[in-house]
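K.L.:
Please work from the sequences and hints to get the whole structure.
From first to last, the protein sequence lines stand for chains A and B. The numbering used here puts the first residue of the first sequence at 69, with every later residue one more than the last. The numbering used here puts the first residue of the second sequence at 69, with every later residue one more than the last.
Which copy? The list can't say, so a pair holds if one copy fits it or any two copies do.
In silico SDA-like cross-links for lysine to any residue, where the CA-CA straight-line distance does not exceed 20 Å:
| hint | residue 1 | residue 2 |
| --- | --- | --- |
| 1 | Lys-386 | Tyr-331 |
| 2 | Lys-345 | Lys-377 |
| 3 | Lys-70 | Leu-323 |
| 4 | Lys-377 | Leu-344 |
These aren't lab readings, by the way, just hints derived from the structure by calculation. Bear in mind the structure is a predicted one, so any value in this text is a computation, not a measurement.
This is what each chain is made of:
Protein chains: 2
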Amino acid sequence: MKEISKLLNYRPDIKVVDATLRDGGLVNDFYFSEEFVKALYLANLRAGVDYMEFGYKADRELFDENKFGKCKFCDDEFIRSVVGENNTDLKIAIMADVGRCRYKQDIIERSESPIDLIRVATYLHTIPTAVDMIEDSKKKGYEVSCNIMAISNAREGDLQAALDILGQSPVDVFYIVDSFGSLYPEQIQRLAEMFCEFAEKYGKKVGIHAHNNQQLAFANTIEAVGDGVDWLDATYCGMGRGAGNCAMELLLSFLKNPKYNVYPVIKFIEDQMLPLKEQGVVWGYDLQYMMTGILNRHPRSAIAFTQEKRSDYTEFYKEIIALD
Amino acid sequence: MKEISKLLNYRPDIKVVDATLRDGGLVNDFYFSEEFVKALYLANLRAGVDYMEFGYKADRELFDENKFGKCKFCDDEFIRSVVGENNTDLKIAIMADVGRCRYKQDIIERSESPIDLIRVATYLHTIPTAVDMIEDSKKKGYEVSCNIMAISNAREGDLQAALDILGQSPVDVFYIVDSFGSLYPEQIQRLAEMFCEFAEKYGKKVGIHAHNNQQLAFANTIEAVGDGVDWLDATYCGMGRGAGNCAMELLLSFLKNPKYNVYPVIKFIEDQMLPLKEQGVVWGYDLQYMMTGILNRHPRSAIAFTQEKRSDYTEFYKEIIALD
Numbered sequence: 069m070k071e072i073s074k075l076l077n078y079r080p081d082i083k084v085v086d087a088t089l090r091d092g093g094l095v096n097d098f099y100f101s102e103e104f105v106k107a108l109y110l111a112n113l114r115a116g117v118d119y120m121e122f123g124y125k126a127d128r129e130l131f132d133e134n135k136f137g138k139c140k141f142c143d144d145e146f147i148r149s150v151v152g153e154n155n156t157d158l159k160i161a162i163m164a165d166v167g168r169c170r171y172k173q174d175i176i177e178r179s180e181s182p183i184d185l186i187r188v189a190t191y192l193h194t195i196p197t198a199v200d201m202i203e204d205s206k207k208k209g210y211e212v213s214c215n216i217m218a219i220s221n222a223r224e225g226d227l228q229a230a231l232d233i234l235g236q237s238p239v240d241v242f243y244i245v246d247s248f249g250s251l252y253p254e255q256i257q258r259l260a261e262m263f264c265e266f267a268e269k270y271g272k273k274v275g276i277h278a279h280n281n282q283q284l285a286f287a288n289t290i291e292a293v294g295d296g297v298d299w300l301d302a303t304y305c306g307m308g309r310g311a312g313n314c315a316m317e318l319l320l321s322f323l324k325n326p327k328y329n330v331y332p333v334i335k336f337i338e339d340q341m342l343p344l345k346e347q348g349v350v351w352g353y354d355l356q357y358m359m360t361g362i363l364n365r366h367p368r369s370a371i372a373f374t375q376e377k378r379s380d381y382t383e384f385y386k387e388i389i390a391l392d
Numbered sequence: 069m070k071e072i073s074k075l076l077n078y079r080p081d082i083k084v085v086d087a088t089l090r091d092g093g094l095v096n097d098f099y100f101s102e103e104f105v106k107a108l109y110l111a112n113l114r115a116g117v118d119y120m121e122f123g124y125k126a127d128r129e130l131f132d133e134n135k136f137g138k139c140k141f142c143d144d145e146f147i148r149s150v151v152g153e154n155n156t157d158l159k160i161a162i163m164a165d166v167g168r169c170r171y172k173q174d175i176i177e178r179s180e181s182p183i184d185l186i187r188v189a190t191y192l193h194t195i196p197t198a199v200d201m202i203e204d205s206k207k208k209g210y211e212v213s214c215n216i217m218a219i220s221n222a223r224e225g226d227l228q229a230a231l232d233i234l235g236q237s238p239v240d241v242f243y244i245v246d247s248f249g250s251l252y253p254e255q256i257q258r259l260a261e262m263f264c265e266f267a268e269k270y271g272k273k274v275g276i277h278a279h280n281n282q283q284l285a286f287a288n289t290i291e292a293v294g295d296g297v298d299w300l301d302a303t304y305c306g307m308g309r310g311a312g313n314c315a316m317e318l319l320l321s322f323l324k325n326p327k328y329n330v331y332p333v334i335k336f337i338e339d340q341m342l343p344l345k346e347q348g349v350v351w352g353y354d355l356q357y358m359m360t361g362i363l364n365r366h367p368r369s370a371i372a373f374t375q376e377k378r379s380d381y382t383e384f385y386k387e388i389i390a391l392d
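P.N.:
Here you go:
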């Protein structure tokens, strides 16, 4: 049982990362209005959020600029149009996917960029390229985290080997990523123990990015807090791909660090998230996401089900069971 | 850390209780169609659910029969019109609230009734009447459970005293009830330990009834499973007062007992719950319920906010903070 004294206290090392524009952008192809992005920046500032992720640094050769909003590419000028010189305590992050980012050219020196943190996202089998990206970003002066995606179907030995390689790289934070929303708190506890062991050995921090396929994104995140995980991803209203993420409003209400304040989050939701929902942008727990979560599958079939406005859950269940 | 062998196995003692008509009835004044109730009975049978709660045995002097559906009063004839002689493994339950049920007259001998289980719901300060109800139902031949409500603001000593009194009564099951949806899994773990200690001493079982104000109803229920709690309340689509309950579809997907089957639950949701939602029946997690949950308050103000179709979350926040 976790110590009650630790649960009632707080760790000053906790960092909350707002991933609304990035993971939420996967729902609306990153078409956020300028007003939305600016209001979100101000809300994060007031709420005491530590990092705000603006989106992806996506490769323009792979992704057509005319088919996505600005948060897909996160040009420095775009970020600067929102944050100016950003003389605040809120740091700016972007995500760089292995194989989908021309990091050598598109990520410039930190001294010339408004960005503070590069979040390298990788699968287990692309760890060597992830390490190259980490070294490149580190040399340019950035803080760097590494998200190891889709670990719910990774073998323990492979994961340990990856953490050992990453431990020897200059990365600052290892992230536990439950891409398919299939993990239960008891599994998060075990993964956190493994990640923290390597983090301690190599002087790194550990983070978590959860998905809500089984209504466990918040529960898994606070489980991880109790297990020593310090970097916590959340999004306003849980906005994110498929079933979405850990809700910022729940997370800030739970954390006892005095610097956090939930009221600006509530206000932003009322002012900006409700209109977004009224426009028909859809995310969040629903049965199709539960099913892919339980089966430990990528949510793409469930996302298609949602986009086609289907509600024949039983047919969908038969379809995906047949693929098993 | 919980033992992995226990987590991958299952306890044959687990009992799943469907509380859709009872807790869900609080959302629509118990106006369920006959077709809905019959389909739910069949779905529970096929899903391997152990108990189906039909509603309350409410006092007709206190509650106007013309203002509620049949599940508010649960006459034996009504139940029999659905289940016949119920020659099945699915047992029938009703809830009897202390102070709102004429138990001596309205609960007849079990041998003459289709009901198997009386669920006595009590606050801490009405335990003596609860014990009288328990004894009355036991004498009439029923299985009896006791739900101690609103324990999130009970003092530990009071709770222990209550469990000691109940332990000496003929009740079969003690229920942990998170009425306000304010408890975190780490608190459930501590409560489960306390409840299980008294249960072991007196030869009782322990159950849990969770609410979803902080998206933790399912997480708290599976935390309790890991802690040795055997009786688990759930409702289809989480239908229940305010933010609702632990979702049956999530719970049956999680449990490894071979007798459970989630497909009939998915089918019932498609056939019966979606139409209910389309009719405008509203429940489930939303910010107003999160706020009362965090503040450990009865959800009545949040329910009023929902019924008035308000969405001014910030005003609501100010209103309830002012009352603190």
